[in-house]
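S.K.: Build the complex: two chains, separate frames, hints provided.
Quick note, the sequences are listed as chains H and S, same order.
When we follow the working numbering, the leftmost residue of the first sequence carries the number 1, and every step to the right adds one.
When we follow the working numbering, the leftmost residue of the second sequence carries the number 1001, and every step to the right adds one.
Rather than coming from a laboratory, the hints here were simulated on the basis of the structure.
Take these hints with a grain of salt, some might be off.
[Unchecked claim] Here are a few chain S residues that sit away from chain H, every Cβ distance over 10 Å (derived from the structure): (1) Pro1002; (2) Pro1004; (3) Ser1009; (4) Asn1012; (5) Thr1016; (6) Arg1089; (7) Ile1094; (8) Thr1115; (9) Pro1172; (10) Asn1184; (11) Glu1209; (12) His1211; (13) Asp1214; (14) Asp1224; (15) Trp1237.
[As the list claims (entries may be wrong)] Per label pair, the in silico range of CB-to-CB distance: (16) S/Ala1112 - H/Arg69: 50 to 58 Å; (17) S/Asn1184 - H/Arg68: 28 to 36 Å; (18) S/Val1249 - H/Val71: 51 to 59 Å; (19) H/Thr25 - S/Val1234: 45 to 53 Å; (20) H/Ala18 - S/Ala1091: 20 to 28 Å; (21) H/Arg52 - S/Glu1242: 47 to 55 Å; (22) H/Ser63 - S/Arg1246: 40 to 48 Å; (23) S/Asp1173 - H/Leu78: 52 to 60 Å; (24) S/Glu1231 - H/Val29: 48 to 56 Å; (25) S/Phe1210 - H/Ala64: 27 to 35 Å; (26) H/Val71 - S/Val1234: 34 to 42 Å; (27) H/Ala64 - S/Gly1245: 35 to 43 Å; (28) H/Ser63 - S/Pro1230: 21 to 29 Å; (29) S/Glu1054 - H/Lys16: 26 to 34 Å.
No residue lacks a Cβ here, since even glycine has one placed at the ideal position from N, Cα and C.
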Amino acid sequence: MCSYLTVPTDVAGSAKGAQGWFSVTSAQVYFDHPFHAPFDHTLNIDFADPSRGPGARVAVELSAESARRLVESINAALAAAGAAAR
Amino acid sequence: MPAPEEALSAGNVGFTGGDGAQINAYQALPAGDGPFGGVLVIHHLPGWDSGTKEITRRFAAKGYNAICPNLYARQGLEVDPDDAAAATREAGGIPDEQFVGDAGAAIEALRALPTSNGKVGVIGYCSGGRHSFLTAVSLPVDAAVDCYGAFVTGVVPDGFPLRVTPLVDRAPDLRGPLLGLFGNEDQFPSPEQVDELEAALQAAGKTYEFHRYDGAGHAFFAVDRPAYRPEAAVDGWQRIFEWYGRYLVGA
Chain H
1 MCSYLTVPTD VAGSAKGAQG WFSVTSAQVY FDHPFHAPFD HTLNIDFADP
51 SRGPGARVAV ELSAESARRL VESINAALAA AGAAAR
Chain S
1001 MPAPEEALSA GNVGFTGGDG AQINAYQALP AGDGPFGGVL VIHHLPGWDS
1051 GTKEITRRFA AKGYNAICPN LYARQGLEVD PDDAAAATRE AGGIPDEQFV
1101 GDAGAAIEAL RALPTSNGKV GVIGYCSGGR HSFLTAVSLP VDAAVDCYGA
1151 FVTGVVPDGF PLRVTPLVDR APDLRGPLLG LFGNEDQFPS PEQVDELEAA
1201 LQAAGKTYEF HRYDGAGHAF FAVDRPAYRP EAAVDGWQRI FEWYGRYLVG
1251 A
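One chain only, chain S, in its complex shape (with noise of 0.2 Å):
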């Protein structure tokens, strides 16, 4: 059996939203039997983008089913991803209910794969961070990570566009344990906001951990920006795989 980055596939595939819209993801599978643990990927506010693509194929490449909706659907089945991510962006985001609909049915579909383990956990990036967190506390997951979500605490500032709301109150619905990761140059989520979500968290008595890089910022993972870090991001990427090797593989 060759190793799971040499052997996997990828590729579209539909599935029917939490409101019953017909909506697209891209799926990434290891070759194998499995049994394998699942992983939700949630996009940025981009949209479902080359990038997001790529970190779903990279999970399968470590042996998980992995998942990527496309949060933006609505706007059309055959739409480019920018186009509809500049569409979403323009009516205000997308409401938290048509989300968290969307991320069930995804997390169904994983569970429902015959290669799975029955686990699935959840990962976002940016306004996907926000996104993943708001999983955690809303649908049953074995596993969650939060990448610099922003808005998962702190205030919305008053004329904000963006139809969000912080939803820190809800740490203690919080069901899968959940990994932080921050740069301490952010400033959406800034240094003091994370603080915030450690505090709510330990409050709540929660399961978490949290890593903070120094000489980061936002988006440090991002491959094809400046504000790319390589010593964070594959640190990051380590403790993300170590977190879901915990929590996610085996029976």
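Chain H with its partners taken away, still in its complex shape (with noise of 0.2 Å):
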């Protein structure tokens, strides 16, 4: 299906573009059609900062298993880290 559901979040950091390195403000979490992944469906990052324009974005396309273990992934990085972290 389309859901077109999308849970956004603020963000702050860096992502590597096609133009370079620009600040992002914010992520766009979905999971729908994929634009390049070869799935039905994925979970969907847009990294941006929509005040540069469409172009100042870093999209990725996951698959649900491989996006659950992400999450996974970055929670362990980040408890690891302690109190550097928080």
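M.R.: See the structure below:
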């Protein structure tokens, strides 16, 4: 299905896109048809700075299973860093 | 004269959208003097992508002038189609009025081609299926094809982020015969929603033909996705060209 449902969140940091590094201010998270990945649906994340226009975007399209593994890896890395990641 | 698929030309063209905005489109033309029917190809929610441009070339390869406007061109003519799609998605999609304006401009562009026979059909997939129906109830077309368009019928869920409304009440306005191709495993549109559309077309006395495929779900034409169903897609393409051959070819 086309879910269209998007879960946005503010982020602070940088990403490297087609024009090099830029600051990102938002992450759009949604589960829907991918543009490129060879799956019917993927967990998509757009790291973006909308104020810089549509091209200021770093996109990933992940299978549902790999997206869940990514969440675990992020949480594990943050936990391992301890106080430094608080 | 070579067969159309052995001599066609394709590339980007610019034209003015219904609201006066400069937008771009992908156009594919068979070689020769024609006269050829025209096909307006409407891209799906992921945007003006390579797959839809390939579909546009396919119509030229079968002897039709075909054009696929970039419905997200207002994000910028030079913006990558995937970035434009992401930004448009974040904005809640495109308004129906804006779409109809662009579709009308594209239909006029097809009819103005020197090789045109004056007839134009429309086709769309997924969200483009709804747009194809919207075109056919809003603008003068000679034939329409709706490939698993969601929210022509049915109820849009509460809190749905895309600005979209059902169109079934407009079935009496249908301007050209409608071919509908649907997967019985699809949920958007579900078989019951396809039934609802069929009942509305019958009640309005419209010319239509529906084909519903077992074992196929949404996006069964998409060759690079697991959803691809060769039997449904091959039969579907044959139905499409029979439909356009009936309504778009000849004087």
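S.K.: Now look at each hint and say whether the structure bears it out.
M.R.: Taking the hints in turn, this is what the structure says about them:
Consistency note on S/Pro1002: stated as away from chain H, and its beta-carbon is indeed over 10 Å from all of that chain's, at 34 Å minimum. Distance check for S/Pro1004 against chain H: the nearest CB is about 29 Å away, which clears 10 Å, and the non-interface claim stands. At roughly 26 Å from the closest C-beta of chain H, the C-beta of S/Ser1009 stays outside 10 Å, upholding its exclusion from the interface. At the 10 Å boundary, the C-beta of S/Asn1012 stays outside the reach of chain H, the nearest C-beta of that chain being 18 Å off.
Against the 10 Å criterion, S/Thr1016 stays outside the reach of chain H, whose nearest CB is about 21 Å from its own CB. Separation of S/Arg1089 from chain H is inadequate, the least Cβ-Cβ distance of about 7 Å not exceeding the 10 Å criterion. Taking the minimum C-beta to C-beta distance to chain H, about 13 Å, the non-interface status of S/Ile1094 holds against the 10 Å cut. S/Thr1115, annotated as away from the interface, keeps every beta carbon of chain H farther than 10 Å; the closest lies near 33 Å.
With a least beta-carbon separation of about 27 Å from chain H, S/Pro1172 lies farther than 10 Å from that chain, consistent with its non-interface assignment. Residue placement check: S/Asn1184 keeps its beta carbon more than 10 Å from all beta carbons of chain H (closest about 15 Å). For S/Glu1209, the shortest C-beta to C-beta distance to chain H comes to about 25 Å, beyond the 10 Å cut-off, and the non-interface label holds. Every CB of chain H lies more than 10 Å from the CB of S/His1211, the least distance being 21 Å, so the non-interface label holds.
With a cut of 10 Å on Cβ distances, S/Asp1214 stays outside the contact zone with chain H, its closest approach being about 18 Å. With 10 Å as the threshold on Cβ separation, the claim that S/Asp1224 sits away from chain H is violated: the shortest Cβ distance comes to roughly 6 Å. Distance check for S/Trp1237 against chain H: the nearest CB is about 20 Å away, which clears 10 Å, and the non-interface claim stands. Range check, S/Ala1112 to H/Arg69: about 54 Å between beta-carbon atoms, so the 50 to 58 Å window is met.
The hinted range of 28 to 36 Å is satisfied by S/Asn1184 and H/Arg68, whose Cβ atoms lie roughly 30 Å apart. For the pair S/Val1249 and H/Val71, the beta carbons lie near 54 Å from each other, so the given range of 51 to 59 Å is met. One distance hint, 45 to 53 Å for the beta-carbon pair H/Thr25 and S/Val1234, holds here, with the actual separation near 47 Å. Under the hint 20 to 28 Å, the C-beta atoms of H/Ala18 and S/Ala1091, about 21 Å apart, fit the expected range.
With their beta carbons about 48 Å apart, H/Arg52 and S/Glu1242 fall inside the hinted range of 47 to 55 Å. Checked against the hint of 40 to 48 Å, the pair H/Ser63 and S/Arg1246 passes, with Cβ atoms roughly 42 Å apart. Between S/Asp1173 and H/Leu78 the CB atoms are about 56 Å apart, so this pair conforms to the stated range of 52 to 60 Å. Range check, S/Glu1231 to H/Val29: about 36 Å between beta-carbon atoms, so the 48 to 56 Å window is missed.
Checking the proposed 27 to 35 Å range against S/Phe1210 and H/Ala64 shows it holds: the Cβ atoms sit about 32 Å from each other. Between H/Val71 and S/Val1234 the beta carbons are some 40 Å apart, a value that agrees with the proposed interval 34 to 42 Å. Look at H/Ala64 against S/Gly1245: about 42 Å separates their beta carbons, and that is inside 35 to 43 Å. Take H/Ser63 and S/Pro1230: their Cβ atoms lie about 23 Å apart, and the range 21 to 29 Å holds.
Separated by about 30 Å at the C-beta atoms, S/Glu1054 and H/Lys16 satisfy the suggested range of 26 to 34 Å.
Of the numbered hints stated above, those contradicted by the structure are hints 6, 14 and 24, listed in ascending order.
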